[in-house]
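Using this note's numbering, read the sequence shown as starting at 3 and increasing by one per residue.
Nothing false has been slipped in among the hints.
List of simulated lysine-lysine pairs, PhoX-like, C-alpha gap at most 20 angstroms: (1) K132 / K148; (2) K244 / K294; (3) K293 / K243; (4) K189 / K132; (5) K243 / K289; (6) K243 / K294; (7) K243 / K301; (8) K244 / K301; (9) K57 / K189; (10) K293 / K244; (11) K289 / K244; (12) K301 / K289.
Across the chosen pairs, the derived CB separations fall in these ranges: (13) P207 / R96: 22 to 30 angstroms; (14) G188 / P489: 54 to 62 angstroms; (15) F213 / I154: 47 to 55 angstroms; (16) N177 / S128: 30 to 38 angstroms.
Honestly, the hints are just simulated from the structure, not real lab data. Glycine included, C-beta positions come from ideal geometry on N, C-alpha and C.
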Amino acid sequence: GGNAVDAAVTAALILAVVEPDNSGLGGGGMALLWNQDRRKVTALDFREKAPAQAKTDMYIKPGIDPASSRIGPLAIAVPGTPAGLEWMQRRWGRLPWPSLFTEAIRYAQEGFGRDARLIQRAREKSDCLKRDTHSFRIYRPLLDPKGSGILIQEELAQSLTRLRDGGAQEFYQGNTAAQLVENLRGKGAILESGDLIAYRAVERPPLRSDFAWGTLWGMPPPTSGGVSVLRGMNILEALQKKNPGEFNGHWPAFLVRVFGILFTARNSAMGDPDFVAEMPIRTWLSKATAKKNAEEILKGEKTGSADPIAGGDHTTHLSVMDASGNAVAMTLTLNLSFGSCVTAGATGIMMNDEMDDFSVDPSSPNAFGLLQSEHNAVAPGKRPLSSMSPTLVTRNQRALLALGSPGGPRIISSVLQTLLRLYLLNEPLRAAIAAPRLHYQVMPVKIFVEKEALPLSQELERWPPNRKLPLEVQDSWGNVQAVSFTPKRGSFEAVSDPRGGGSSEIVMPLPTE
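Turn these sequences into a full structure, and let the hints steer you where they fit.
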């Protein structure tokens with residue numbers, strides 16, 4: 003009896019239990035929603051915010067551990083996930099709010115079987131988790147080689163029950179809020195009751211670009227993902243129109259130069275729109291700018307700066323469509339794996355380490371190797387710049403595609419290459435997602451290639467500017483999750499990236515008598 007929003011919220015709640023390393027109530031996210039009745043795209047920002055006591059220089063003062071923006075209580079920003087999920091469901095969902103919690107609470111109380119991926123991830127972060135007494139107690143069955151490997155989260159079940167019964171207000175102003183603040187302040191966090199009370203999910207104007215194959219929709223800042231994906235597709239389209247034979251045969255060489263343009267803008271000029279007044283988004287997304295950028299690339303002109311002043315896959319994404327035509331693309335995160343590694347005491351909630359997504363030190367890269375500008379400096383109440391890229395495609399008043407990926411800045415390259423292969427190279431969705439990937443983000447000054455993408459590296463060297471960039475081969479990255487609808491056949495296709503541990507499923511409703 004539910005719709006796509008009900009399914010997305012239910013899935014997010016379950017993921018908070020079964021993937022506590024990637025997302026949860028202590029994190030945040032972003033979502034694009036297509037409402038078929040209203041023929042409208044909504045962009046919902048429930049990104050974490052810096053606490054009121056945050057200071058621009060809080061991580062570079064003498065005596066402060068430089069890692070404190072990534073690990074421990076000072077890394078924690080104000081969580082947004084409970085507010086975002088409730089906003090979505092209250093506005094666009096169909097089922098009663100409490101009914102969405104049943105499975106998540108059951109998994110928290112009873113466990114969900116031995117998960118090899120989660121055990122491996124926990125052991126990779128064992129030193130971090132052992133620093134916090136509550137985290138170590140909860141995840142010890144995963145960390146101990148002789149342990150059961152079964153994760154029971156009774157305290158998280160109680161927090162979910164309170165959220166079920168009292169809504170987001172209980173999380174931000176009730177018993178859960180009181181426990182969060184008391185425990186985290188005792189551990190050295192700067193989170194206060196006022197930070198939780200003041201938090202709001204924000205509806206923002208979605209970004210759009212029109213193409214012959216449909217309208218591409220993206221999230222606006224404070225994520226760089228929407229701007230980058232839409233601008234990237236505009237430039238790639240312009241390159242293909244300029245010289246289709248050269249582009250279709252040798253697109254990897256062009257793609258690296260496009261990445262240079264996108265990440266230079268990302269690292270030097272983007273931030274929270276409530277704090278950064280001037281971001282030339284309309285100019286970036288214009289067809290005229292795309293044509294100019296394409297001409298610069300074809301002439302071999304410099305398209306990306308490695309100037310330091312310009313500046314993972316520990317996130318989760320889900321995509322949902324329903325038979326009525328509604329669609330949701332939602333990305334959720336704690337930032338790094340297990341976030342700050344700090345559990346908020348008796349709440350059982352793992353807290354984010356989103357403060358590291360700010361430009362905490364202009365001279366040092368963050369955990370994803372990004373050097374960023376003062377536009378993304380720490381400030382009270384500010385939302386850090388993200389790379390999350392929940393994406394929708396619509397045509398003729400119908401959602402045709404919902405997709406996104408985890409992966410830090412590689413979210414952008416993963417989503418963009420999927421769209422490139424799907425719409426410009428006319429590959430099937432499953433093949434477009436599974437295909438090998440490249441990545442270049444200006445800093446560090448190297449091109450990353452998946453092992454399977456090594457044959458593409460020969461194409462990179464066809465373009466002289468690329469020859470100066472060293473290659474680094476890595477296993478894989480990204481984990482694209484997509485759902486598509488084909489109007490002519492009236493059929494859906496759901497695809498989960500073979501790189502990750504996700505799954506895809508089409509659920510047919512039971513017939514009604």
